[in-house]
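In order, the protein sequences belong to chains A, B and C.
Going left to right, the first sequence walks through residues 1 to 187 as the working numbering numbers them.
Going left to right, the second sequence walks through residues 188 to 599 as the working numbering numbers them.
Going left to right, the third sequence walks through residues 600 to 920 as the working numbering numbers them.
Simulated from the structure, these hints should not be mistaken for lab results.
Do not take every clue at face value.
[Stated by the list, open to error] Using 20 Å as the maximum straight-line C-alpha spacing, the simulated EDC-like pairs for lysine to aspartate or glutamate come out as follows:
1) B/K191 to B/E275
2) B/K191 to C/E776
3) B/K515 to B/E575
4) A/K127 to C/E776
5) B/K515 to B/D503
6) B/K515 to B/D565
Spelled out from the first residue to the last, the chains are:
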Amino acid sequence: MPDVAVFWALGALAVVSGVMVFRFDSMARATYALLLSLLCVGGLVIVLGLDYLGVVVVLMMTIEMAIMAVFMVMYMMNPAGLMPMSMLHNKKGAAVLCTLVFLLLAAGIVLAPWPKRSGRPADDPTKALGTALMGPHILTMMTLGFALFATIVATVVLATRRGRYDRFGDDLRARTADDPVRGGVGR
Amino acid sequence: MDVKGAARRVLAGSPPVLLVTLPGATAERLAVEAGLRERGWPLAESPAAAAALVVAGEPSGPHVEWLGTLWSGMPRPKAYVTVAGAAESGRALDAVPRLLIAEPLGAGPQPGPPHGVVSPPEDHEVPESHGGHADHGGHHGGLVAGLPMAERADDRDGLRLDQLHLSLGPALPDWPTGLIVDVVMQGDVIQQAEVRPVPGGPPAQGSFWNEPWQRAARGEPVTRGAAERRRCAAHLDSVGRFLAVAGWSGPAARARRLRDAVLGGAGREELVGEVRPLVRQVDGSRTLRRLTTGIGPLPAARAKSVGVTGPALVADGDAHARVCVWLKEIERSLSGLEDARALAVDAENTENTKNTESTVGPRGRCDGLLSPSRALLDALPGLLRGAEFACARLIVASVDPDLDELQGAGHG
Amino acid sequence: MAESAETAGTAPLWAVVLLPVVLTVVALAAAGFDAVLSAGAEHGRGAGRGARTLRAAVAPVREGIALLARQRRRTTADDAALGRIGIALVPLAAVLAAAVVPWGFRAVTDPVVGIVWFNAMEALAWAAVWLAGWGPNSVLSLIGGYRFLAQGLAYELPHMFALTTAALGAGSLRVGEVVRAQQGMWFVVWMPAAFAVYLLSACAMAFWGPFGHPLGRDVAGGVVAEYSGVDRLLLLGGRWLLLVATAAFSVPLFLGGGHGPLLPAWAWTVLKTAGVLALLIVGRRLVPTLRMERYMEFAWLVLVPLTLLQALVVAVVVLNR
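If we strip away everything but chain A, and leave its shape as in the complex, we get (with noise of 0.2 Å):
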C-alpha cells in the first residue's frame, strides 16, 4: 500500500515539476523544475522494483541539467537570472501538438492488449539487466555506442575552430599546442 502512495505521490510531482518547467520565468528554475521532474521518475523506476535503472536515472539526470543549465544561461541570453522570460514559443501550435501527443499516448495506455504476467520477475533484476545486456542485447549495445560515440566526436570537430594544425603548427613539429589556454599535462 505504501508503495502506490509514493507512486502516485511521485507521478504527480513528477507532472507538476514538469508544467513547471513552462511557468518558470528563469532558466534556472525551468532547468532545475525539469531535474526535480527526472528525479521523481528516478524515484518511479526503483518503486516499480528497477533499482539500478532508477539510481542510473538520478546520477545521470542530475549531471546532465548540471550542465545543460549552463548552457541554457550561455545561449539564452539571461544573465544571472534578471531578465524575466517565458519558456513558450509558437503557443498556440505547441499546445496542439502537445494535446494530440498527449491523446495518443494516453490512447496506447488505455486500448493497448497488454499481455498477461508469464513467470515471475528475475531475483536480481540488476544481474538480468546485466546479463540481458551483456548476452543477446550485446550488438544493440556495441553499435549503440560507438553511434553515440561518433556522435560526440563529430559534433566537437564540427563545432571546433581550431584544428591540430592551429594548434601544433602546419608541420605539427611545435612541441607545446597553441591554446588560448594552457593544459597541465604539459605537452
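Once you have looked at the hints, place chains B and C on chain A.
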C-alpha cells in the same frame, strides 16, 4: 536561556575580520595582521563572512563611499574600527568584541558606521562580492531591478556572448592595496582591462617598502643591512599574497609570519632556519610549477619597453618565474642582513651602473623618474587580456604593484 | 530505495537518527584537526603552543555557534529559493550518501545498488553547488558555481571507474558484498590506482582542500561569498559532512571495511576512516589549490587511462578466479 546572546558572545570571542587597507597604511596593515594572528581571529574573505570591518589607515572623503558599501554588505551584528597608526592596532582590535556585544539585538534601521558613512545607491568602485552591485558598471539599455543588463560581443572562440563590465578591487582578499582593475569579462575570461588607483590619491609619505632607499636618497644614514631587511620582508609579503591567491594557505601563513619576524628585527641565524625550508618547499613544488607556468608571460624585452626594472624584469617569464625570483632575492637578502655599510643612493647619477645594486628597491629602481610600480601597472592590462579570472588574480599577485610608490618616486 | 531482500547488514531504525549526529561529530573532529595544523603553520614553534592548539581544536565548534548569531543576508535581484535549495542539498546529499556506508558490517541501509546510490547522491553536489552559486546573483559566487561544474567534469569519470573497479572485484554493487569480498585481502592491495584516484575524487566531490577552488580565496569565497548566518553554516558544514562521508566510503570500498584483528568491526571502521581523513588533511597542505583548466587535462589524459587499466587488470583477475 539566551541562546542568541550566547552565540553572540562566542562570535565576539573570535570575530572574522574584513581587513581593508587604505593607501599608505602598510605599517598599519602589518600591525593589524600581527594582532589578528596573536588573537587567533580569522580573516574574512568577503563582507558576508565578516563580523568586523577593520580599516587600516584614516578614511577620508573618497574612501568613505566604498567603505560604506562594504559596511552595508555585512550582516549584523557587526563592528567597525579604524586603525590610524600602527601603535593603535591593539587598542582598536580590543574594541571589536565590545562593539559586537553592545550592538542592539533585533532589526532596526541599519546603523551606519561611525564617521557618518552612508551606503550609496549606485557605486562603481566596490563591486567586490557585492551581490547585485557586482554586475554593473557599464551603461546599457535595459535595467532589471535597477541593474543594467549585460551587452553582447564576440568572444575569443567566435561566439557572441554576454559581456560584463566589472571593477575588481579595492577590497578583494589578498589584493594589492588601492588597486582597481576595470575589466570587461565574458564568462570568466577577461577581454579588456584597465588599471587605476583608488580615488583619493597615493599617500604623501611614499611607500613603506621603499623607505630605506627614500631615506638614503634624502641623505639620512641607512645601512645596507636595513635595506636588505626591508627587501626581504617586502618579498615575503608578496610571496605570501601570491600563495594565498594560489590557495596554498599554509606556506602563505608562514611567509607572513616570517615577514613580521624579519621586520621585527629577528637575527639572521634564527631566520635562515625557517626561511630556507619555506623557500625550498615553494620553489621545489612541482604542482605549483605545473599550475602557474605560462600564466602572464612578461618577456624581458617587453618588460624593458614599459620601464619595468625590478624582479619582474629579472624573471623574464611567467608568474612562476617571478615568484622564483622573489624567493631567490629573499635568500640573498637574508645573507646581507648584517651588512653595516652605508646604502648609497646617488640620485644625480642614475646611469651609474655600479650603483644600481643599492638603488634597486623591492620592486625596481627607486632612483628613476618612473616609479617601479608605475611600470608594473602599465604592463598589467596587457598581461590580463585573455586570462581567466583565476589566472588574472594570479597575474596581479605575481606582479604585486605597490601603489604607494606612485607618489614616492617623484619625491625621491 | 526498495527494501533489500536481506536485512542482515542493516542497522536498526534508530541508526537513521544517529547517522547525521555521528557524521557531524566526526566532521567536527576532522575540522578541529585541520584547524590545529593550520594554527601550527600560522604560529610556528613559538611559545604558548599548547594553549593555541587547544583553542584551534575547538575552533570549528566555535565558528559554527558564532554563525548562528549572525543575520542571514540577501542580495539585489537574487533567487533566494534556488540558492537555499542548493545550500540545503549539500548536507542532505552527504547524509544520504553516508546511509550506505557500513559502520562495522551494518549500514543504515544496504541496497543492492549501494555503490551507484552513493555515486548518485554525491552527484547531487553538482546541482547543489551550482545552485548555491547562482542564487545570490553575484559574479564572484557564480564563478565559484561554474568552477564546480568544471571540476565535476574532471573528477567524475576517473571516480566512476574507481568505483566500478571495486564493484568488479567483488562482483556486486552491494556495499556489504564488497566488504565481504575483502575478508582475505583488502582491495587497496591489488587496486592501488583505483584507491588513489578515489581519494582525489573524495576531496573533489567535497570541493575541499586542493579542490576547494569553487570556494577559493581568489573569488572572495566563491559560492559562499554572499552567504552568512545559517546559510553559511549549512554550506561550509555540509562540505565537511561530504568529506567525512566520502572518506568513510573508501573504507568499505578499498580498506576492508570492518575487517581487522582484535578490535570490534565498528572500531576498525572508525579507525580506518580517521586514518583516511588524517591522510587527506595532512596531504592537502602539500599542494596549492588545483585549477581545473590545468587539472582537467591531467584527469582525462592520465587518470582515465590509469583507472581503465586498473579495471582491466581487476577484470582479468576476476575472470581467471
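Outcome of the hint check:
1. B/K191 to B/E275: violated (31 Å)
2. B/K191 to C/E776: It is violated: about 48 Å lies between the C-alpha atoms, which goes past 20 Å.
3. B/K515 to B/E575: With Cα atoms ~28 Å apart, B/K515 and B/E575 exceed 20 Å; violated.
4. A/K127 to C/E776: holds (14 Å)
5. B/K515 to B/D503: Within the cut-off at roughly 14 Å; holds.
6. B/K515 to B/D565: violated (25 Å)
Checked against the numbered hints given earlier, this structure breaks hints 1, 2, 3 and 6; the rest are met.
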